[in-house]
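Enquirer: Here is what each chain is made of, one letter per residue.
2 protein chains.
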Amino acid sequence: MEWKNFTQLDVYGKLKKAAENPVDIKAELSGPGGAERVRDYKVPMAEGMTYSYAAKQVDEKLLPLLQELADEAELIPKYEALLDGEVINTGEKRLVLHQLTRGQLGKDVIADGVNKREFYTAQQEKAAAFANRVHAGEIVNEKGEKFTTVVQIGIGGSDLGPRALYISLENWAKANGTLLMDAKFISNVDPDDASATLASVDLAHSMFVLVSKSGTTLETLTNEAFVKDALKAEGLDPARHMCAVTSETSPLAGNSDYLEAFFMDDYIGGRYSACSAVGGVILSLAFGPDVFARILSGAAEEDALAKEPCVTKNAAMLDALIGVFERNFLGYGVTAVLPYSQALSRFPAHLQQLDMESNGKSVNRFGEPVDYQTGPVIFGEPGTNGQHSFYQLLHQGTSVVPLQFVGFHESQIGRDVEIRGTVSQQKLNANVAAQIIAFACGKDDENRNKYFAGGRPSSIIAGKQLTPESLGALLAHFENKVMFQGFVWNLNSFDQEGVQLGKVLANRVLAGDMDGALLEYSRLLGIF
Amino acid sequence: MEWKNFTQLDVYGKLKKAAENPVDIKAELSGPGGAERVRDYKVPMAEGMTYSYAAKQVDEKLLPLLQELADEAELIPKYEALLDGEVINTGEKRLVLHQLTRGQLGKDVIADGVNKREFYTAQQEKAAAFANRVHAGEIVNEKGEKFTTVVQIGIGGSDLGPRALYISLENWAKANGTLLMDAKFISNVDPDDASATLASVDLAHSMFVLVSKSGTTLETLTNEAFVKDALKAEGLDPARHMCAVTSETSPLAGNSDYLEAFFMDDYIGGRYSACSAVGGVILSLAFGPDVFARILSGAAEEDALAKEPCVTKNAAMLDALIGVFERNFLGYGVTAVLPYSQALSRFPAHLQQLDMESNGKSVNRFGEPVDYQTGPVIFGEPGTNGQHSFYQLLHQGTSVVPLQFVGFHESQIGRDVEIRGTVSQQKLNANVAAQIIAFACGKDDENRNKYFAGGRPSSIIAGKQLTPESLGALLAHFENKVMFQGFVWNLNSFDQEGVQLGKVLANRVLAGDMDGALLEYSRLLGIF
Numbered sequence: 019m020e021w022k023n024f025t026q027l028d029v030y031g032k033l034k035k036a037a038e039n040p041v042d043i044k045a046e047l048s049g050p051g052g053a054e055r056v057r058d059y060k061v062p063m064a065e066g067m068t069y070s071y072a073a074k075q076v077d078e079k080l081l082p083l084l085q086e087l088a089d090e091a092e093l094i095p096k097y098e099a100l101l102d103g104e105v106i107n108t109g110e111k112r113l114v115l116h117q118l119t120r121g122q123l124g125k126d127v128i129a130d131g132v133n134k135r136e137f138y139t140a141q142q143e144k145a146a147a148f149a150n151r152v153h154a155g156e157i158v159n160e161k162g163e164k165f166t167t168v169v170q171i172g173i174g175g176s177d178l179g180p181r182a183l184y185i186s187l188e189n190w191a192k193a194n195g196t197l198l199m200d201a202k203f204i205s206n207v208d209p210d211d212a213s214a215t216l217a218s219v220d221l222a223h224s225m226f227v228l229v230s231k232s233g234t235t236l237e238t239l240t241n242e243a244f245v246k247d248a249l250k251a252e253g254l255d256p257a258r259h260m261c262a263v264t265s266e267t268s269p270l271a272g273n274s275d276y277l278e279a280f281f282m283d284d285y286i287g288g289r290y291s292a293c294s295a296v297g298g299v300i301l302s303l304a305f306g307p308d309v310f311a312r313i314l315s316g317a318a319e320e321d322a323l324a325k326e327p328c329v330t331k332n333a334a335m336l337d338a339l340i341g342v343f344e345r346n347f348l349g350y351g352v353t354a355v356l357p358y359s360q361a362l363s364r365f366p367a368h369l370q371q372l373d374m375e376s377n378g379k380s381v382n383r384f385g386e387p388v389d390y391q392t393g394p395v396i397f398g399e400p401g402t403n404g405q406h407s408f409y410q411l412l413h414q415g416t417s418v419v420p421l422q423f424v425g426f427h428e429s430q431i432g433r434d435v436e437i438r439g440t441v442s443q444q445k446l447n448a449n450v451a452a453q454i455i456a457f458a459c460g461k462d463d464e465n466r467n468k469y470f471a472g473g474r475p476s477s478i479i480a481g482k483q484l485t486p487e488s489l490g491a492l493l494a495h496f497e498n499k500v501m502f503q504g505f506v507w508n509l510n511s512f513d514q515e516g517v518q519l520g521k522v523l524a525n526r527v528l529a530g531d532m533d534g535a536l537l538e539y540s541r542l543l544g545i546f
Numbered sequence: 019m020e021w022k023n024f025t026q027l028d029v030y031g032k033l034k035k036a037a038e039n040p041v042d043i044k045a046e047l048s049g050p051g052g053a054e055r056v057r058d059y060k061v062p063m064a065e066g067m068t069y070s071y072a073a074k075q076v077d078e079k080l081l082p083l084l085q086e087l088a089d090e091a092e093l094i095p096k097y098e099a100l101l102d103g104e105v106i107n108t109g110e111k112r113l114v115l116h117q118l119t120r121g122q123l124g125k126d127v128i129a130d131g132v133n134k135r136e137f138y139t140a141q142q143e144k145a146a147a148f149a150n151r152v153h154a155g156e157i158v159n160e161k162g163e164k165f166t167t168v169v170q171i172g173i174g175g176s177d178l179g180p181r182a183l184y185i186s187l188e189n190w191a192k193a194n195g196t197l198l199m200d201a202k203f204i205s206n207v208d209p210d211d212a213s214a215t216l217a218s219v220d221l222a223h224s225m226f227v228l229v230s231k232s233g234t235t236l237e238t239l240t241n242e243a244f245v246k247d248a249l250k251a252e253g254l255d256p257a258r259h260m261c262a263v264t265s266e267t268s269p270l271a272g273n274s275d276y277l278e279a280f281f282m283d284d285y286i287g288g289r290y291s292a293c294s295a296v297g298g299v300i301l302s303l304a305f306g307p308d309v310f311a312r313i314l315s316g317a318a319e320e321d322a323l324a325k326e327p328c329v330t331k332n333a334a335m336l337d338a339l340i341g342v343f344e345r346n347f348l349g350y351g352v353t354a355v356l357p358y359s360q361a362l363s364r365f366p367a368h369l370q371q372l373d374m375e376s377n378g379k380s381v382n383r384f385g386e387p388v389d390y391q392t393g394p395v396i397f398g399e400p401g402t403n404g405q406h407s408f409y410q411l412l413h414q415g416t417s418v419v420p421l422q423f424v425g426f427h428e429s430q431i432g433r434d435v436e437i438r439g440t441v442s443q444q445k446l447n448a449n450v451a452a453q454i455i456a457f458a459c460g461k462d463d464e465n466r467n468k469y470f471a472g473g474r475p476s477s478i479i480a481g482k483q484l485t486p487e488s489l490g491a492l493l494a495h496f497e498n499k500v501m502f503q504g505f506v507w508n509l510n511s512f513d514q515e516g517v518q519l520g521k522v523l524a525n526r527v528l529a530g531d532m533d534g535a536l537l538e539y540s541r542l543l544g545i546f
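One line per chain: the protein sequences are L and X, in this order.
Going by the numbering used here, the first residue of the first sequence is number 19, and it counts up by one from there.
Going by the numbering used here, the first residue of the second sequence is number 19, and it counts up by one from there.
Hint data in this document are derived by calculation from the structure and do not stem from the laboratory.
Every value quoted in this text rests on a predicted model; they were computed, and no experiment measured them.
Any given hint could turn out to be false.
For identical chains, the list gives no copy identity; a pair is met inside one copy or between any two copies.
Unchecked claim - Listed below are the simulated BS3-like cross-link pairs for lysine-lysine, each with C-alpha atoms no more than 30 angstroms apart in a straight line:
id	residue 1	residue 2
1	Lys164	Lys192
2	Lys111	Lys161
3	Lys125	Lys35
4	Lys111	Lys482
5	Lys144	Lys250
Chain L extracted, bound-state conformation:
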């Protein structure tokens, strides 16, 4: 197995040449073969979902080149090496094991003297047992009353992923009788974030989950102090209201300030940690351990599918390769994620971190500068809201932005209303179908202001309903897509050195150790 820069691959030049005559999706989709193309250009995913790429700029000439890229870049062997526990995170010299939280797809992985699958399973069981005891009223507050709310204190990956998953399933859980505790999140060091969240909960019946791998994250410890002050002010004992998710070596572990400590390790980065104890504790408390297990099961199914070497049978890999082609050869620098599901309202924010923090890099996995574009900017909002907002630019702006739609046949709650012969869920999905065609095929008009050039590519992941399983599969799909793109770009997708400098400088400001422009900006912001 070789780690080569993208430009060192033989197929690089072939792809570049292919991009000189990009596929005309308007012609492909509006022509007589359009229907057939939509029927053919799709890949089955886990949980009966489908990845459709009929509105992407690929065809029977390009797909073999993408296969050649997958093969020459050794994407599947690299994925297998990762699953087998190789040191894929070269910068920090670490294994990359988030998939292992969901199932054993490779060899047994032994690290720190333990079988890591057993370690993750043990943490899941510990979280499940803890949640069950909270739900059963065995772990209670000072007055012997049940906890009704769980509040996560964490930032970045300790916040965005678990929060996106919680919001995704909150209504589903209500409709299915499994919303056992309400969940809230405190992340920002802005004191108004903690104040507002604390004001919105019943402190006496709230359990707090403090998430920090190192036990030293400034924002998180500051917010912990904020919470402890608030608990004490109401005469409550913080040690009866808090548990911790942290590393075994952190000051938070084995500490009587916490009811329990659940462990994470160095082999799962924050943005990949939703399936570890980082997501597991709060989601098991909110929805029950069974629902969390179902999320993992959907993700595991998708992880297994990602081992398929044929690009047209591997949704995550194909999605990744099309994205690379768009980024490096078609020159598209941004991707929009557009879920037609209000429940996925914060899923784009999670993907934004997942993708941009993983592949927003300028050096390869050996620390050498690369001479090609890497990860794109990711943004998105749920449809149909976005249609009445930024879609104007997506349709008629001077830049082309590839689109990633997500949609489901059924709503989560099931309550609906019929207007003009159709229900809202039909209207929602009619809009997805319409947008895909509008973007791809455009519309001629003599009035150029009403003219749509078309040729704007999109893909869609469609499923029956957003359930724990399909949500897990979605999560894994994007994790695996980002991983495959990192392999093609020869990046280390699992470190984040780019976040360090800001921390160092902020600490200098807080220590009063600054001069020049930094001092002037500190004055402008009224810090001292």
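With the hints as your guide, set chain X onto chain L.
Expert: Chain X in isolation, oriented as in the chain L frame:
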């Protein structure tokens, strides 16, 4: 006054040439003159706020060229023409009057036979009187009880702007005793959006504000039906729980299904309507009419400042011109909006619509294709959250993304906690200062993985506190920035033809009138 394409201006070539040797902000800011530059490169804004552009790629050679651009493109005369009621929205042949809701800065504007300033003021007074009667318990529910919650039903501009403003001031209002009613929003046609919102409110004590200019917006009418069904199911009379914001000619006007109708007109587009009755009714109900008037007052002050012809004294114009220089000559296609204030968590979503829907266009105001880039993609999340998420790409990715920071000296609630000698608000602002310098100046490191190239431009708007006045000023700043950019690009920033095609195709799907690829996508989405 002449409307010329950007490339027709004499200064275009000069700017292009200037961009060949872009300003090295790393050298400018890290050098001995760095502190002085931060002190000098700022513009006073309304409400004591400051626009700082010291970390932008401008200098004493470029600023005169930007002045030349402002003058040659006749930005101030065009703004004055707009204020005076000229038909600036050429596509729809309409005046553009959102600033007039906040004050009279130009001549009297007479349209539809009325003085428009008087029209807007009358609607504000009507909203204030209505809100006062609701607060006083003169308008009550079936049981004679006070309304406690207001729910806006609207989408796009009828949702994002009012929602962003409400969230921006919710905690401020709590802290200042002016949160008179809780506000909620229903926008998406996804039936789960309405279901979840309705489940979260006490229907018997909820007032609904239906916002649709035409009275025909599909999402809004569908959600209205949803709400009416829910009210009836609880034995409540919808006509006692709903008011409407609409045009005088819409079917919602003078209709006994609504307690009251407040009027908007054709001269204020959705994304510019937060200061009209679209924002005025819900914000007057939530916070009281005085707070809404204070928002307008801050906006009016900023509108007045935007009439200043000197670029270094006009924050909105300078912000606009720097943005144009970055977009057209430095090749940056995306701008990130990064408020260090949790209260502004949805402000980027509003700016995303404001900017991308206004200037995401490929034809000029006469409907002729333009041969230059127009509006960028806008995205953002509040700091410090973003730092632990997508900032990796912003610092070390292969694309440069200009940044727009916003920060305030004081929090809104005022509750804080001291850890390691500083409070959270200081930590929050230390991070802003640190990030600006980190992005601009970077850091050398032999380990290329820990190397930061720097040279990544940002600006910041800093203020004392996020209050109704400063929020209004912020809103107006960005509206005016977008307007000035539209003038430079010779666009009509006030229509949105790009949203039409999707609607037409969605209606075809719902009518069953589709074939080919559209039919196949409809099947994939399980619509029928």
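Enquirer: Next, verify each hint and record whether it holds.
Expert: Hints, one by one, checked against the model:
In this assembly of identical chains, Lys164 and Lys192 lie within 30 angstroms of each other by CA distance both inside one copy and across copies; the values are 19 angstroms within and 29 angstroms between. In this assembly of identical chains, the alpha carbons of Lys111 and Lys161 never lie at most 30 angstroms apart, being 48 angstroms within a copy and 68 angstroms across copies at closest. Taking identical chains as interchangeable, the C-alpha atoms of Lys125 and Lys35 are never at most 30 angstroms apart, the minima being 40 angstroms within one chain and 59 angstroms between chains. Neither within a single protomer nor between protomers do Lys111 and Lys482 lie at most 30 angstroms apart by alpha-carbon distance, with minima of 41 angstroms and 45 angstroms respectively.
Taking the shortest alpha-carbon separations for Lys144 and Lys250, only the intra-copy value of 28 angstroms comes in at or below 30 angstroms, while the best inter-copy value is 47 angstroms.
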